[in-house]
Every structure is written in C-alpha cells, then in structure tokens.
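Student: Okay, here's what each chain looks like letter by letter:
Number of protein chains: 2
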Amino acid sequence: MIGRLNHVAIAVRDIAKASAVYRDTLGAEVSEKVAQPDHGVSTVFIHLPNTKIELLEPLGEGSPIAKFLDKNPDGGIHHVCYEVDDIKAARDKLKADGARVLGDGEPKIGAHGKPVLFLHPKDFCGTLVELEQA
Amino acid sequence: MIGRLNHVAIAVRDIAKASAVYRDTLGAEVSEKVAQPDHGVSTVFIHLPNTKIELLEPLGEGSPIAKFLDKNPDGGIHHVCYEVDDIKAARDKLKADGARVLGDGEPKIGAHGKPVLFLHPKDFCGTLVELEQA
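Chains A and B supply the protein sequences, listed in that same order.
First residue of the first sequence? That's 1 in UniProt numbering, and the numbers climb one at a time after it.
First residue of the second sequence? That's 1 in UniProt numbering, and the numbers climb one at a time after it.
Keep in mind the hints are simulated off the structure, nothing from the lab.
Treat the hints with care, since some could be wrong.
[What the hints assert, rightly or not] Here are the simulated lysine to aspartate or glutamate pairs, DMTMM-like style, with alpha carbons at most 25 Å apart:
#1 95/A with 29/B
#2 95/B with 74/A
#3 52/B with 29/A
#4 52/B with 97/A
#5 93/A with 97/B
#6 95/B with 70/A
#7 52/B with 70/A
#8 17/B with 123/A
#9 95/A with 74/B
#10 33/A with 97/B
#11 71/B with 38/A
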C-alpha cells in the first residue's frame, strides 16, 4: 500500500538556524521559509536527491508542534510521510485492520496542497505517520 | 555535501510485531530479521521505492538503542542516515565548522558494510544523524 517516503519532518524552535545547519554545515539545497497559517507552522524544505526533509517551526497560538517542542526542546524528528495512491481506500483498509486515524478520519489538504491523514503513533511503532495522496 | 537519504531508523522493542505492522497493515516489502551482534541490534529493512526504513531491536547487553527505548517505550524514530561521497572529507569539514562527531571520530563499518559516522544531535536540530559513505 505505502509507496515513496515523501518526507521526514523535523520540528525546530528556530527554523532560520536549522536551515543554516542544513545549508551551510551539511551543504544541502534549502528552500525559503513559507508561513502556513492554516497548519500552525512555518516550513522549509531540504531537497535531497531521493526525498525531502521538512523543517517545521511553530506559527501562532496552539501550533500542533508546540507540545512536541516542550518535550524535545532541542527539536527532533516529528513524523514520516508515506505516499499512497488512494488515501480514502488506504484509510478504510487501515481502519478495518484496527489502526487509529487521527482527527475525524477525513483527509485534509496538507502543506503540499494534497489530501493527507495522520495515523496514531501507538499503532505504528511509536512514530507519527502521515499519509499523503501521491 | 549530503546526498540521498539512505534510511530512516525506527527503534522498537518487538521487531516481529513492527515488521507485521509494515508488511500487513501498511502493505510494504519487508526483509527478514538479521542479527547484527557487532552493532548490538537486530535489523529489518522496509523497502520503499525511493529509500528504506530500518527497524532496530536491541540485541544483547548494552545495546546502543536500550536507553532510547527506556525513554520511548512504544518505540520511535531513532536517526536519519544521509549518504556522502567521502566520509573522511565530510568529517573534516563538519569538525572545522564546529560540529561534534560521536565516538573517536574514526568511521566504523556500519550495518550495511560501509563506513559510517554519527553526529551529535545537539548540533543537528535535536536529531541523531548518521553519515554513510555512498
């Protein structure tokens, strides 16, 4: 069912500093910062030859990554995102298998403009998994 | 400097259960379990079209992932591994930039039979970074 690893998301307190680490120290291609007020984060993408790293910085009140950064003040790997061909079919199969889909179970439009869902970390090896329709 | 994302490593207590989640629930291609006594872990690889997920289970006394699992009893994302063309040149550049290389700074032969180094999470957005010579 799952296809490509679309991205690995890393939550950070200071996205300018994290961007500099990836650009200057690790020598990667780093995008500009984009505010995503609908998602409560600002994003920067690190373009690798086969996938991308998504840096996330909290934006506004009640950011979905605020609690994670309280627990991980230096930042840390927040989630992995796998691509699926049909997100509703994937959701129905996962629910039939007893896996928990976060929220109301309806795909939302994610930071890349495509339908996404998040799966419960307890059902997936302690890792938050995002599914994105390819 | 960094190239492809070689893998994302997920530490788990029960690699058979985690393998079943990826094989049966997420429908991915999952390898057999391999004991890596030199590294204190057993590994299973999830083959995705563009990269791989490495499941890690503690093996023997003093496994390098034991403390991580004490802090993260459900498991969790342990590290990311980026490929570099020349690991010693990469190390020297990183050290010149003030980044900390773990251990004695000499590349070791990793679980894939290639030279690897680990970088200090405090210098890399709170994430443990492995570099592997491509």
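Student: Please go over all the hints and tell whether each is borne out by the structure.
Tutor: Hint by hint, here is what the structure shows:
A C-alpha spacing of about 20 Å is found between residue 95/A and residue 29/B, which places the hinted pair at or below 25 Å, so the restraint holds. As the CA atoms of residue 95/B and residue 74/A are separated by approximately 20 Å, the hinted pair is consistent with the 25 Å bound. Between residue 52/B and residue 29/A the alpha-carbon distance is near 21 Å, which keeps this suggested pair within the 25 Å criterion. About 23 Å separates the Cα atoms of residue 52/B and residue 97/A, which keeps this hinted pair within 25 Å; it holds.
Distance restraint check for residue 93/A and residue 97/B: the Cα-Cα separation of roughly 48 Å exceeds the 25 Å cut-off, and the hinted pair is therefore not satisfied. A threshold of 25 Å between alpha carbons decides the hint, and for residue 95/B with residue 70/A the separation of about 29 Å lies outside it, so the pair is violated. The suggested pairing of residue 52/B with residue 70/A is violated, with an alpha-carbon distance near 30 Å, which exceeds 25 Å. At roughly 11 Å between alpha-carbon atoms, residue 17/B and residue 123/A fall within 25 Å of each other, so this suggested pair holds.
For the suggested pair residue 95/A and residue 74/B, the alpha carbons sit about 20 Å apart, so the restraint of at most 25 Å is met. Our distance criterion of 25 Å between C-alpha atoms is met by residue 33/A and residue 97/B, whose separation comes to about 23 Å. With a C-alpha separation of about 32 Å, the suggested pairing of residue 71/B with residue 38/A is violated against the 25 Å cut-off.
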